[in-house]
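Undergrad: Each chain, written out:
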Amino acid sequence: MNTMTALKAIYTKEMLSYFRSPIAYFVIAVFLLGTGYFFTYNIFLTGVGTMDSTLQNMGILLLTIVPVLTMRIFSAEYNARTMELLMTLPVKTWQVVMGKYLGAVTIFLLMTVATWINLIPLYLYGNPQTLNIISGYIGFILLGMTCIAIGQFFSALTENQIVAALITIPVLLGFWFVGHLQQLQSSMMLRDLVAHLSFALHFADFIRGLLRSDGVIFFLAVIASALTLNTSYLQLRR
Amino acid sequence: MIELQNVVKRYGSKTIIHNISFDVKKGEIVGFLGPNGAGKTTTMRMIAGFTEATSGTVKVAGFDMASQRDLAATRLGYLPESPPLYDILDVTSYLTFVARAKGVPTARIQQNLDRVISAFRLEAVTTKECYKLSKGYRQRVGLAQALLGEPDVLLLDEPTAGLDPGQIQETREVIRNFGRDHAVLISTHILPEVTLICQRVAIINGGKILAVDSPEGLQRAADQSNGVLLDAGGDRQALEQSLRSVDGVLDIIIHPHPVRAGVFSIECRVQNDVGVEGRIARAATSVSELYRLERRQPTLENVFLSYIDHDSGKSKSVEHKEAA
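Chains as they are written, first to last, in the working numbering: chain V, 1 to 238; chain L, 1001 to 1324.
Since the hints were made in silico from the structure, they are not lab data. Yeah, the Cβ is synthetic: ideal placement off N, Cα and C, and Gly gets one too. There's no promise every hint is true.
[Claimed, not checked] List of simulated lysine-lysine pairs, BS3-like, C-alpha gap at most 25 Å:
no.	chain 1	residue 1	chain 2	residue 2
1	V	Lys92	L	Lys1059
2	L	Lys1208	L	Lys1025
3	L	Lys1059	L	Lys1025
4	V	Lys8	L	Lys1128
[Stated by the list, open to error] Computed footprint of chain L on chain V; a stretch qualifies when at least three of its residues, placed anywhere within it, have a C-beta under 8 Å from a C-beta of chain L:
no.	stretch
5	15-24
6	75-82
So here's chain L without its partners, still in its complex pose (with noise of 0.2 Å):
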């Protein structure tokens, strides 16, 4: 439903996506996972069809954005990074406007409205005037105005941004439930949500892909990333030989305590086992003194790493399509 091929965008000289392709097909989830300023936004707006690529095919419902964008954008739903709200209108006025222009029947207007609100839960703000609404409101009025029409395409830039715990659990919910028979691409630099929700993941950073893979994939290459941070004071020799020695940890770095004289910060690479802080705390006091163990969690900084280190070794099993 949404196909990418050798897709480049230039402004100016300045070179934002290079030729990155990939597609997102009925009844799929993609997730678009990278850092901000990685070139997410850009290619949402290229599928969008609000900017035009500079070269290649940018493809909706079968529709060339190029030469058939009218087509292609009855079909769409759209939620830009920050919702497209008219301050000036109340909701309801808001929403009767996007149907209408979407083509939606007048006859079908005021069903389509009370779908996408009770699958909103905007009752309570139907009157209201757009630039009234909390930030949470604002989301969940744009995510609104995107389902409305029964598009085909959702295209969504951060969908859950600004909402609390519970409205991004229930948006999760929407949008799964609708990315079981239409075709869907949210982009987040969140990690935990698209292992959630996507069933393939493209990750972009520096306007290129680096990889689409499964959330499976992703979640390796985040273990890949895990590591452990500890505080410890003694003799540097026997600590490095210490912690080396235990089983799980791959590499250790070790610096001087930032602050504290005699201390050194260490920083170990393990495997994803269970129990290896245990093993490296035993090993740290047999020999020293321990202040501080932490285990450190998955940055998305860290899994593009571990992407990027894995992509100038050996080639890697994923789909990979980033051309030269």
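Isolated chain V (complex conformation) (with noise of 0.2 Å):
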């Protein structure tokens, strides 16, 4: 069968149920509330028009709100016994996971888009430099396709899914605080390696309007290894 229709059947069944189920709603309104109100709060204490800090806000909300987005993923179709259906359907495992994860990135492309909103008064009352905002968005984007990576395989590994959205946090979390371990380092492999891993400095490189090759290329390598991990995994249990 065509690898398109098949992929697209599973990825068309997900975004019917995030949008039956009050999941998208629930995770898009604390996300936008959480945004919102960081926005307000940076632009009227510091006074500089710029995204910068709201973008390292926003990271930080990210590593709570997509393990919600990503806890049901696998959780629940073990849950409901429909695995059975979706393993036996004359679909490929990595289809399922690819279909599973192009549905959760889009409610996540969904909810960041919605906070350009933010942009506009940016626009109308300052100056802000718009290769930052960019650099950083895209920055903003690889990490949540990170994240999301990484709770999905999770959610493959339980069939609770509160156990895999508890897993989840303190992966992120970890991935993004590794950069502290820094300064207690010191052999200069180790601070290095350290740094590799931090989510939140390759980040910080984006939103200082740093497009920096290794930054993209760890995070699509950690995409690649979670999404290969997560498919592999379901070949095993079978």
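Two chains, two frames, some hints: make the complex.
TA: Spelled out as structure tokens, the structure:
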């Protein structure tokens, strides 16, 4: 069968499920409320018309929102015994993983696009640096896609959605804060390694307008690894 | 269309399925009969490709499930033990999803949907979300999704579970019609079900195929497990002697009634001939007081026992492929 047909079927089903349950609305609403709060707070507190601090805050907010979005991806399928259907349809395992991943990424992109409303007052009353904003958003999207890939993998490991979320949150926080360990390392190699693993440090580069290839490659590599692990794990369960 | 050869399934050190082999040909409905926990669902899952066999080969429509699962899956309709419904979706969206995932061309989806919706009388619930459906409707939606995409092979794990008698009959009719030019394997623990719709029956217990037999053979085995139970008072010796002399009684077991003093509970193993209950009743009343008499219906357990008994005795004349 056509590769795209199967992938599209899974994707469409995911999108229907998101919008017929409260999850998508809840996640988007909480994220937008949080972002709106940080945006106004940062602008009025500093009086500086940039997105820098707001993007930084959005990154941290993402670490707690993504697990809520991803916890159900596979756990709910195990629970409803629909995994048995999914794994016996003429659909390849990677297509199931990709279809579901793209579904979650779509929700994430929708909420990202919705935050652009903050740019209107910024451009009306300030003089922001467009390139920094573009680079910051590219970083934010890469960060979000990475968090989703990790969350989706953990969702495949357990039937329990809460457990899936509870594993994902510390892992994402770990990747975020691992950069702080830099100060504790004496060896140059370890400092480098820790810096390379840190979501926060890579993301900070993007916010500063530094669109560096190692940041892009790092996020893409983590996404690819998580999705590959996810697919292999489901294969192994057979 | 379905072929199992020396299939073994192990989980860790525990062997669930011991070296089973059987096949289902086109135009044939085969019943997979066994008590709960016999390995029916595990075997169905291996044929469907949900789990892989530890060793041995499983082939569906000529494709090996280990290496060509995707090709086999396009020819397969599968109803798992619990109907795999997405509660949040309505019935039409759900069936559309399954049809798309099975690769039914967009132009033919509606026609496919109409066919299964009318076959399982789902017209009244097409716009309802699956979580609102009754157990019977859930089962029928599960059956409907299995028939989408015109599969050559149909695997149904306890297809009539949760249906009322009318629906059971309708569902059997659909399966029987489908079985005329397709290969169907249904698993069940309901004895009459297989004798009604199957051409052959594979009997499984403890992860081993005990026999592959015709429904008539199964009926014979069921008849052998016939019995008459009675409660009677009086002299034990006279009672035993009198009952043993009845024509058609093969064996009797007497033990004291658990509650009533001076009364015996007697189990007679009998030949399947008409009127044996009457002869037993007359024999019992001639020497004692008869309190209760009941013909025991053949149960699945007794049928199994009869196969196992037979098996440990002389070799059976059925197509028996159990290996060591």
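Undergrad: If a hint holds in the structure, say so; if it does not, say that too.
TA: Structure-based check of each hint:
For the hint linking Lys92 of chain V to Lys1059 of chain L, the alpha-carbon distance of about 18 Å falls within 25 Å, and the restraint holds. Distance restraint check for Lys1208 of chain L and Lys1025 of chain L: the Cα-Cα separation of roughly 21 Å lies within the 25 Å cut-off, and the hinted pair is therefore satisfied. Between Lys1059 of chain L and Lys1025 of chain L the CA atoms are separated by roughly 12 Å; this keeps the pair inside 25 Å, and the hint holds. The hinted pair formed by Lys8 of chain V and Lys1128 of chain L meets the criterion: a straight-line CA distance of about 24 Å does not exceed 25 Å.
As drawn, the stretch 15-24 of chain V meets chain L at 4 residues by the rule of a beta-carbon pair under 8 Å; at three or more, the given contact holds. By the rule of at least three residues with a Cβ nearer than 8 Å to a Cβ of chain L, the coverage given for the stretch 75-82 of chain V holds, with 3 such residues.
Going down the numbered hints, you'll see the structure goes against none, and every one checks out.
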